[in-house]
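Taken in order, these protein sequences are the chains called A and B.
Quick note on numbering: the first sequence equals residues 12 to 459 in the numbering used here.
Quick note on numbering: the second sequence equals residues 12 to 459 in the numbering used here.
Source of the hints: derived by calculation from the structure; they are not laboratory data.
Watch out, some of these pointers could steer you wrong.
Looking from chain B toward chain A, a few residues come up when the C-beta cut is under 7 Å (computed) [what the hints assert, rightly or not]: (1) THR266; (2) LEU290; (3) PHE291; (4) SER378; (5) VAL381; (6) ASP442.
Straight-line Cα separation of at most 30 Å, DSS-like style, residue types lysine-lysine; simulated pairs [stated by the list, open to error]: (7) B:LYS293 - A:LYS367; (8) B:LYS359 - A:LYS22; (9) A:LYS50 - B:LYS196; (10) A:LYS196 - B:LYS206; (11) A:LYS363 - B:LYS284; (12) B:LYS99 - A:LYS196; (13) B:LYS206 - B:LYS169; (14) B:LYS22 - A:LYS367; (15) B:LYS284 - A:LYS367; (16) A:LYS424 - B:LYS16; (17) B:LYS359 - B:LYS292; (18) B:LYS292 - A:LYS363; (19) A:LYS196 - B:LYS284; (20) A:LYS131 - B:LYS196; (21) B:LYS359 - A:LYS359; (22) B:LYS292 - A:LYS284; (23) A:LYS130 - B:LYS196; (24) A:LYS50 - B:LYS424; (25) A:LYS206 - B:LYS196.
Model, not experiment: these values are computed from the prediction.
Cβ coordinates follow ideal geometry from the N, Cα and C atoms, glycine included.
Number of protein chains: 2
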Amino acid sequence: MSDEKVLDEWKSMLAQQNIELLYEHISHLQPYDLAEIIKNLEYDDQMQCMSLIPLPLGAEILEYLDPELQYKILARTDDQRAASLLNKMSSDAVVDMLLAVHPHQANKLMDFLPDDYRKKISTLMTFPPDTAGSLATVNYIGSRITWTVDQTLHHVRKVGHEAEIVSYVYVIGAHGELVGVVSLKEIILAPPGTKLADIVTDDVISVPVDMDQQEVASILSNYDLVAIPVVTRENRMIGIITVDDLIDVIHEEATEDFQKMGGSQPLMEPYFKNSVWGLFKKRIGWLLILFIAEAYTGTILRHYEDTLSEQIALSFFIPLLIGTGGNTGSQTVTTLVRALAVGEVRFKDIYKVIGKEVSTGVLLGVSMGVIALLRAALLGVDLHIGAVVAITALFIVIWASMVAAILPMILHKLRVDPAVVSGPFITTLVDGTGLIIYFTMAKLLLHL
Amino acid sequence: MSDEKVLDEWKSMLAQQNIELLYEHISHLQPYDLAEIIKNLEYDDQMQCMSLIPLPLGAEILEYLDPELQYKILARTDDQRAASLLNKMSSDAVVDMLLAVHPHQANKLMDFLPDDYRKKISTLMTFPPDTAGSLATVNYIGSRITWTVDQTLHHVRKVGHEAEIVSYVYVIGAHGELVGVVSLKEIILAPPGTKLADIVTDDVISVPVDMDQQEVASILSNYDLVAIPVVTRENRMIGIITVDDLIDVIHEEATEDFQKMGGSQPLMEPYFKNSVWGLFKKRIGWLLILFIAEAYTGTILRHYEDTLSEQIALSFFIPLLIGTGGNTGSQTVTTLVRALAVGEVRFKDIYKVIGKEVSTGVLLGVSMGVIALLRAALLGVDLHIGAVVAITALFIVIWASMVAAILPMILHKLRVDPAVVSGPFITTLVDGTGLIIYFTMAKLLLHL
Numbered sequence: 012m013s014d015e016k017v018l019d020e021w022k023s024m025l026a027q028q029n030i031e032l033l034y035e036h037i038s039h040l041q042p043y044d045l046a047e048i049i050k051n052l053e054y055d056d057q058m059q060c061m062s063l064i065p066l067p068l069g070a071e072i073l074e075y076l077d078p079e080l081q082y083k084i085l086a087r088t089d090d091q092r093a094a095s096l097l098n099k100m101s102s103d104a105v106v107d108m109l110l111a112v113h114p115h116q117a118n119k120l121m122d123f124l125p126d127d128y129r130k131k132i133s134t135l136m137t138f139p140p141d142t143a144g145s146l147a148t149v150n151y152i153g154s155r156i157t158w159t160v161d162q163t164l165h166h167v168r169k170v171g172h173e174a175e176i177v178s179y180v181y182v183i184g185a186h187g188e189l190v191g192v193v194s195l196k197e198i199i200l201a202p203p204g205t206k207l208a209d210i211v212t213d214d215v216i217s218v219p220v221d222m223d224q225q226e227v228a229s230i231l232s233n234y235d236l237v238a239i240p241v242v243t244r245e246n247r248m249i250g251i252i253t254v255d256d257l258i259d260v261i262h263e264e265a266t267e268d269f270q271k272m273g274g275s276q277p278l279m280e281p282y283f284k285n286s287v288w289g290l291f292k293k294r295i296g297w298l299l300i301l302f303i304a305e306a307y308t309g310t311i312l313r314h315y316e317d318t319l320s321e322q323i324a325l326s327f328f329i330p331l332l333i334g335t336g337g338n339t340g341s342q343t344v345t346t347l348v349r350a351l352a353v354g355e356v357r358f359k360d361i362y363k364v365i366g367k368e369v370s371t372g373v374l375l376g377v378s379m380g381v382i383a384l385l386r387a388a389l390l391g392v393d394l395h396i397g398a399v400v401a402i403t404a405l406f407i408v409i410w411a412s413m414v415a416a417i418l419p420m421i422l423h424k425l426r427v428d429p430a431v432v433s434g435p436f437i438t439t440l441v442d443g444t445g446l447i448i449y450f451t452m453a454k455l456l457l458h459l
Numbered sequence: 012m013s014d015e016k017v018l019d020e021w022k023s024m025l026a027q028q029n030i031e032l033l034y035e036h037i038s039h040l041q042p043y044d045l046a047e048i049i050k051n052l053e054y055d056d057q058m059q060c061m062s063l064i065p066l067p068l069g070a071e072i073l074e075y076l077d078p079e080l081q082y083k084i085l086a087r088t089d090d091q092r093a094a095s096l097l098n099k100m101s102s103d104a105v106v107d108m109l110l111a112v113h114p115h116q117a118n119k120l121m122d123f124l125p126d127d128y129r130k131k132i133s134t135l136m137t138f139p140p141d142t143a144g145s146l147a148t149v150n151y152i153g154s155r156i157t158w159t160v161d162q163t164l165h166h167v168r169k170v171g172h173e174a175e176i177v178s179y180v181y182v183i184g185a186h187g188e189l190v191g192v193v194s195l196k197e198i199i200l201a202p203p204g205t206k207l208a209d210i211v212t213d214d215v216i217s218v219p220v221d222m223d224q225q226e227v228a229s230i231l232s233n234y235d236l237v238a239i240p241v242v243t244r245e246n247r248m249i250g251i252i253t254v255d256d257l258i259d260v261i262h263e264e265a266t267e268d269f270q271k272m273g274g275s276q277p278l279m280e281p282y283f284k285n286s287v288w289g290l291f292k293k294r295i296g297w298l299l300i301l302f303i304a305e306a307y308t309g310t311i312l313r314h315y316e317d318t319l320s321e322q323i324a325l326s327f328f329i330p331l332l333i334g335t336g337g338n339t340g341s342q343t344v345t346t347l348v349r350a351l352a353v354g355e356v357r358f359k360d361i362y363k364v365i366g367k368e369v370s371t372g373v374l375l376g377v378s379m380g381v382i383a384l385l386r387a388a389l390l391g392v393d394l395h396i397g398a399v400v401a402i403t404a405l406f407i408v409i410w411a412s413m414v415a416a417i418l419p420m421i422l423h424k425l426r427v428d429p430a431v432v433s434g435p436f437i438t439t440l441v442d443g444t445g446l447i448i449y450f451t452m453a454k455l456l457l458h459l
């Protein structure tokens, strides 16, 4: 059934106040599906649906909604229910919401939290965005090294309802430090009476609070974990990051790199959340920089004005030659920027990369040179000009490959995001230098 | 400690045959780290390390290696140990390896598997690459609806060692059909004696064997699952796909889209696994198509040869104007291709998208027009030519935004991957049409 049909059905159930049927639907849908429906209802209908949904499910659904909508719903829910919902939401979602709303509104909501939980939330709110700390949730299961597996299972049964994930139990020391980790699998498979100390893994893979979220994502995916603990510099346990949040990070970072490669600043919100003015601001910066950089092609061309006047046919091939250079550069640069982002290529490989790209460039250049010669013959221009075009194509392609291979590597080394060398950037860079190659060849071979 | 230092240390331990120290290191490292070290050793050292590693860990490490290396190691391991390793590897890894090696080699390895497991593996091997079936592993925990939670836990303890993930127990019917799912969390939290039937979720989220892997990844990430069951059209359970495999899929698909957007066919292997000839073959196709498409700019310019001869200064702005068009087009197209890929934008939004992009294009066009006028003044060309350049910049930017907004939407509707409209593609398309706009303006305003 299409999304629209489902939505129409819900709207009609709400209009007819068919509460029984609504309950029936609610009980058969997943939290994600219910959230998708609620997102698309009118505000009053949203409120009514949320009021029909039982508590733990309501908190799960809230977590799928935007912080603004979460707040709007909580603000109009009666205090007691709002407090329950808030306390059942996972702490990372609560933090995101509190940071998104006005401090005054955040304070009002924080009054719903018990003292010690409010303190934890306040701490989580201090971590800068895009760091491990900002993604952490405190809803993990902790244990003591002295416990047996039976004691631990008893504890899991007691607090498991509130945990975001029960796959791991973290062993915490007397001063809040992370001592080790035991998977629930190991606990279940161990004979009753086994001490945690006998099955704990003490070389825990953890990340510091200030680690960049992209790095956290790659650690989690390298080690095939479903959650990773976050600790302070002193190894004090802050919380855990679960795999679903890191999948969102992987999507986000890929989207940002994508937009950068298109020569624009990354949009921080989904497409339709950006206004025309917002899109303009993200794009005009690079467009202007590239325009100014490209403007030197005018200077180059004016420098060769006499050559051009003498052989106007030379101008026919300008877009073709610089375009080919730009295309080759784009191919190389996108491949390398991505390879650097996922860690397939490192700076120490720079000579290997240049060797590979220039060799490929020679093969591509020779092919394009031959085709360029054919194209010149087809346009019926002087054979000498054809030769100039062909040789220029060869050199431009090799040149573009080389520049596009070196630049991202160097930026990566300088800890600048290599995605700054976007397709448009490399195209612009190769345009001017390509013209110089072209006219130098023309002067040499045509004796102008 | 850097990777190289670690590797040097291992090489020296191996050279000195310091077995005790090797054991010590092995016991303190994660499977992923051991695999990274083994990957970079010589073949003989690889074999020695693998022989020192205890069995279940050995199988885990193998799973991190390439299928070719997995086979090379298994082929030189004695039959009994090779059989144990193979049987402890997860079935999706076994399938990948068997499909990567020669059928003759695959058959030899399959003899190491017990009959019923071999049959399952043979079935898994029939699913086409990039489908849900090709990613499925049969190492999941099944149960019967009549069991109590105690019986189920007893079963988990018995078979859990071989399961890839114990987070979910799948309830299977008499004919192998998927009846429901219970999370291990629910099993643990339920009072002893509870029947599975009372806590089972029967609206299971599952995927058909032939679903595209990218779609599976987005379902898993929408519903925040750590594993998803794969079923036949008749709802027979084939296996499960775990989140770590789907994270790899998300990375792969983003890399492919990235490379496509750079105007090249996606590389199927990590960067350094591609030979120069391989890179050439992936790139020459689009380069040629774009060259041939770009060649019509020559025809357009020759058509305006007289105009150009009369006003050679017009040629100074050709790269600048078509470059700006290409840059604007790249910005729009990369944003939209990604938004379509992650599902933020759908075909039904086409008018909204065009409206948004053209409005943004007008803002950008006006800005670029003003700057172009300044640039022309700076180059000291005729003010009339300056006006032509400015107006052309305005129109080219709007035109490029519109083309770059419409094309990916239509391709998406036609079920062609919108990433075909790469940056280089849109640049090429806008180059020729931009020239027509330019010379039409010139003829109109300069009365040539």
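Hint check:
Interface restraint check for B:THR266: the shortest CB-CB distance to chain A comes to about 5 Å, inside 7 Å, so the restraint holds. Look at B:LEU290: its Cβ gets to within about 4 Å of chain A, closer than 7 Å, so that hint holds up. With 7 Å as the threshold, the beta carbon of B:PHE291 comes within range of chain A, its nearest partner Cβ sitting at about 4 Å, so the hint holds. A least Cβ separation of about 6 Å between B:SER378 and chain A falls short of the 7 Å threshold, and the interface hint therefore holds.
Given hint, B:VAL381 at the interface with chain A, is violated; its Cβ is 11 Å from that chain's nearest Cβ, farther than 7 Å. Interface hint status for B:ASP442: upheld, as the beta-carbon distance to the closest one in chain A is roughly 5 Å, under 7 Å. Restraint check for B:LYS293 and A:LYS367: satisfied, since their Cα atoms lie roughly 14 Å apart, inside the 30 Å limit. As the CA atoms of B:LYS359 and A:LYS22 are separated by approximately 21 Å, the hinted pair is consistent with the 30 Å bound.
For the hint pairing A:LYS50 with B:LYS196, the CA-to-CA distance comes to about 29 Å; that is within 30 Å, so the pair holds. For a cut-off of 30 Å, the pair hint linking A:LYS196 to B:LYS206 stands: about 21 Å separates their Cα positions. For the proposed pair A:LYS363 and B:LYS284, the alpha carbon gap of about 12 Å is at most 30 Å, so the pair holds. Straight-line distance between C-alpha atoms of B:LYS99 and A:LYS196 comes to about 17 Å, which keeps the hinted pair within the 30 Å bound.
Pair hint B:LYS206 plus B:LYS169 holds up; C-alpha atoms about 19 Å apart against a cutoff of 30 Å. Between the alpha carbons of B:LYS22 and A:LYS367 the distance comes to roughly 28 Å, so the proposed pair stays at or under 30 Å and holds. About 11 Å separates the Cα atoms of B:LYS284 and A:LYS367, which keeps this hinted pair within 30 Å; it holds. Note on A:LYS424 and B:LYS16: the hinted pairing holds, with a Cα-Cα distance of about 20 Å set against a maximum of 30 Å.
Straight-line distance between C-alpha atoms of B:LYS359 and B:LYS292 comes to about 37 Å, which puts the hinted pair past the 30 Å bound. Restraint check for B:LYS292 and A:LYS363: satisfied, since their Cα atoms lie roughly 19 Å apart, inside the 30 Å limit. About 37 Å separates the Cα atoms of A:LYS196 and B:LYS284, which puts this hinted pair outside 30 Å; it is violated. For the hint pairing A:LYS131 with B:LYS196, the CA-to-CA distance comes to about 25 Å; that is within 30 Å, so the pair holds.
A C-alpha spacing of about 47 Å is found between B:LYS359 and A:LYS359, which places the hinted pair above 30 Å, so the restraint is violated. For the given pair, B:LYS292 sits about 40 Å from A:LYS284 by alpha-carbon distance, which is inconsistent with the 30 Å threshold. Between A:LYS130 and B:LYS196 the CA atoms are separated by roughly 28 Å; this keeps the pair inside 30 Å, and the hint holds. Note on A:LYS50 and B:LYS424: the hinted pairing holds, with a Cα-Cα distance of about 25 Å set against a maximum of 30 Å.
With a C-alpha separation of about 21 Å, the suggested pairing of A:LYS206 with B:LYS196 holds against the 30 Å cut-off.
In terms of the numbered hints stated before, the structure departs from hints 5, 17, 19, 21, 22, listed from lowest to highest.
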